[in-house]
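**Q** First residue of the sequence shown: 23, per my numbering; consecutive thereafter.
Source of the hints: derived by calculation from the structure; they are not laboratory data.
You can trust all of the hints, since none of them are fake.
With a Cα cut of at most 25 Å, we get these calculated PhoX-like pairs of lysine-lysine:
# : residue 1 : residue 2
1 : K140      : K129
2 : K73       : K50
3 : K132      : K107
4 : K50       : K29
5 : K50       : K118
6 : K118      : K29
7 : K140      : K118
8 : K107      : K140
9 : K112      : K129
Derived DEER-like restraints, expressed as beta-carbon distance ranges:
#  : residue 1 : residue 2 : range
10 : R63       : E143      : 36 to 44 Å
11 : V119      : V51       : 15 to 23 Å
12 : K129      : L159      : 17 to 25 Å
13 : I134      : T78       : 28 to 36 Å
14 : V139      : N89       : 17 to 25 Å
15 : T78       : H131      : 35 to 43 Å
Heads up, the beta-carbon is just placed ideally off N, CA and C, and yes, glycines get one too.
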Amino acid sequence: TEVLCTKGADNVLEIGCGSGYQALILSKVIRRVFTIERIERLLTEARERFKLLGITNIHTRFDDGQNGWREFAPYDRILFSASIKAVPAKIFEQLKVGGILVAPIEKGHKQIITRFVKTEEGIIQESLDECLFVPVLSGREH
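Input sequences plus hints: build the corresponding full structure.
**A** Written as structure tokens, this is what we have:
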């Protein structure tokens with residue numbers, strides 16, 4: 023969350039909702055949170071948590087997160103909560119110019135938290151720190 027630089031951000035797309043913990047944190051500092059999960063059971067449990075806690079600014083979707091969520095794009099911030107070899111171009115297309123994307127990028131046997139900033143000229147990439155996340159997987163799991 024810290025490297026996402028949330029100040030001034032109005033909306034965020036999270037890829038990999040999982041338990042919903044990260045989305046809950048984001049919901050306290052960003053007005054609208056959109057989160058995608060590919061495992062239906064995890065998303066159902068996260069939705070129940072959000073409802074129980076009275077959180078109304080988190081919007082959820084059951085889908086393959088590698089497609090993003092074009093309906094509400096462009097996003098000020100995008101966060102991958104799972105590691106990926108490379109960010110798909112269609113995800114960068116959903117990021118606003120001036121927006122920030124943070125993802126654990128797989129490099130050999132390591133994962134590196136990487137921050138990307140979208141500019142008019144292209145994408146600026148900054149490697150931050152080693153990490154360990156579950157990998158992004160394709161498709162949906164019922």
